[in-house]
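S.K.: Chains as they are written, first to last, in numbering that gives the first Met the number 0: chain A, 0 to 331; chain B, 0 to 485.
There may be inaccurate statements among the hints.
[Claimed, not checked] Quick partial rundown of chain B residues pointing at chain A, CB under 10 Å, derived from the structure:
| id | residue |
| --- | --- |
| 1 | 13 |
| 2 | 101 |
| 3 | 260 |
FYI, nobody ran anything at the bench for these hints, they're computed from the structure.
For each residue, glycine too, the CB sits at the ideal point set by N, CA and C.
Here's the letter readout for the chains.
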Amino acid sequence: MKLLWLQAAGCGGCTQSLLGAESRAGVLAQFADSGLDLLWHPGLSEACGDEALAILQAAADGRLPFDILCVEGALLRGPNGSGRFQILSGSGRPVIEWVSDLAARAQHVLAIGTCSAYGGIVSGGENVTDACGLQFDGDQEGGLLGKDFRAASGLPVINVAGCPTHPGWVLDTLLSLALGALGANDLDAWQRPRFYTEQLVHHGCPRNEFYEFKASAQKPSDLGCLMENLGCQGTQANADCNLRLWHGVGSCVRGGFACISCTEPGFEEPGHPFLETAKIAGIPTGLPLDMPKAWFVALAALSKSATPKRVRENSRSDHPLIAPAIRKSGPK
Amino acid sequence: MSRRLRMGPFNRVEGDLEVTLDVTDGCVTSAEVRSSLYRGFEHILLTRHPLDALVIVPRICGICSVSQSAAAAAALADAAGLEMPANGRLASNLILACENLADHLTHFYLFFLPDFARAAYCDRSWHAAAARRFQATVGEAQREVLPARADLLRLIGYLAGKWPHSLALQPGGTTRAVTATEKVRLLAILSAFRAFLSRTVFGDALENVSGLGSADELAAWAQGRPADFPLFLEIADDLGLARVGRASNSFLSYGAYAHGGGDGQPLFARGVWQDERRPFDEQAIREDVTHAWLHGEQPLHPGQGETRPLTGAFADKASAYTWCKAPRYDGVVVETGALARQMVAGQPLIRALVAADGGSVLARVVARLLELALVVPAMERWVRALAPGEAFCAPWELPDRASAAGLVEAARGSLGHWLRIERGRIAGYQIIAPTTWNFSPRDAAGVPGALEQALVGLPVGEGERVPLAVQHVVRSFDPCMVCTVH
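Start from the sequences, fold in the hints, and give me the full structure.
M.R.: Put into structure tokens, the structure is as follows:
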């Protein structure tokens, strides 16, 4: 399948993330070996200037058929609807026009990262640039292409959201498309591939024992649970970061800091400082979604009162102070 | 005969770039560099909680993400009057060095070298080897480089959770303490990277590379050595890359890797090079917006600076041709990056190359490769110095009111964040990124920026629409356009 990649108003971090894919011979070799032909990518391809414009123009005109359009970065409609905050260099035309033209020719359209899916960080604050996603404007359907947009395959935009997106999410999506194994039912309500969003960041969190006992970190670098004080949204964030891992070993919570739910529309405006937990009467406002709040509060009070000394003390340190006991050998 | 050449989209750079050249009698007489994307990060940061900067600024750039975090953490630490504990400093340096080295590698193999594999060079003796190794997206080197890069990034996986866009770098240190066993694993990651560099990139031990002191020694060392850097040196010699791409020949470095050089000194010194090394004065920086699509009159120090885009009739400001401001140091155009860092630090080979031919395409690339050889041994020392059990992060309290600056060295050079806090919120945030310096437009006096100067005089063939010499010079700066305007 032929793949065309555009960078709209983003940071390029989703491409950088993809290049870090843990693949025996690297992601580019994996593309080639899987029959994914990179028609043009702004960061990687040989063609520059007029050579590149010729490829893009031919693709937009339908003279150069291609299968997959990947768009990275938010779509800037400003100022005043002109799209002028991002002109495709060398062409004099706004990037949003190129994206619309190319999306109309593609079999599949992928939003790579949260900016391209929903607007993301670039649409934060007053959104001076009038940034949006391909088919969403924050959590509202629409975006650049409109809510009724369907690619030639019949699918809406596939939102491989994440800030950055995980290389495995992109690769699994592309390889599934190449196999014809990704359909409308495989997308969730935000049009994200369900294979990675029907998990919670909480799943596989190495701080689970601290969570169980509500033994909370008090300050950055503490080992305890990050939910109560330090803004962690892992119990509500749809992603498999702690099952899949980053670079084979990491994740946000494994790195010692909060999950900010970056796969979600609107994550850029949580309504409170990112690294503090919003609370009402001492109770976090963001609680696990599929559990009645009263149960959670009751359970939390109970577990706090039953916290073992080891768990409590370790939760407030950056390294374990007390090791788990070693049980006696013999029949159990 | 004169013609005007507009080059864009200028790819294999990070972000959006257009270069316009006036060509007369086969030679570039004038260049304009355009940054064609405006996102408004400095505006997005306003009125937020100061620590929110740690979430937002890394997302300016996916390739300099950690550098942006480090600059914000440094500015916040400056505001809080905070010193990191030794572990926090060591871990911060390791995370930043890991990104910087990964970026140098990415630039060399993915952005810069593929141009020598082009068919236009097919009559050169080295072309077959270059095409086999370096061809864009399919060259055999990429099957070796990307896995080596991914393995190196595991170091950030341990110390900072993920790359890009980590929150591990905090004003008081880092969020992730390491255990004694993890120290062993970090050293194993660095050993594997060292072996890759020795085998594939240099064909020699790192210490032998960083010990080279002159152009003659470098040439003799490279002769017949079967590795990618020596192959590049053969290409550079044949194409005369030491004699193209000279910019202002003034260099700026904020100094890299705090306390990383022993005796409390940074690994690479802070300073300015103008025929000799001079002390750096932060107050000598001004940003000029005469040729940018931005509001503003007088050049301002970034502590007082603002970024307000034109949103109405662009034609009203006919002088403007880019979203990029024009930063000047003491009124002059300076170049920043690995070359500047090593000039200021006094690296003998780089000083010799610049003394002979000025800042050139060759000198910029050699400086990056030398940093790979110089920084890996430093990283090994820093890992050994980590003390599990001792603090990685100091507690802090942010003031309600402060003016502060965070100055760091990213892969591409000097990166500064200027922060103003009022009533506990961000009241001002200005950023000058490395490529803002290097790819600046003209200033009020009409003096062109560093790249604009470096392109003048280059040959352009009769039928050439995307001249290769121009591409080599532009990419030799390793521009990051998303940082440039932010």
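S.K.: Each hint should be assessed against the structure and marked as holding or not.
M.R.: Results for each hint:
For residue 13(B), the shortest C-beta to C-beta distance to chain A is roughly 5 Å, which falls under 10 Å, so the interface hint holds. Look at residue 101(B): its Cβ gets to within about 8 Å of chain A, closer than 10 Å, so that hint holds up. With 10 Å as the threshold, the beta carbon of residue 260(B) stays out of range of chain A, its nearest partner Cβ sitting at about 25 Å, so the hint is violated.
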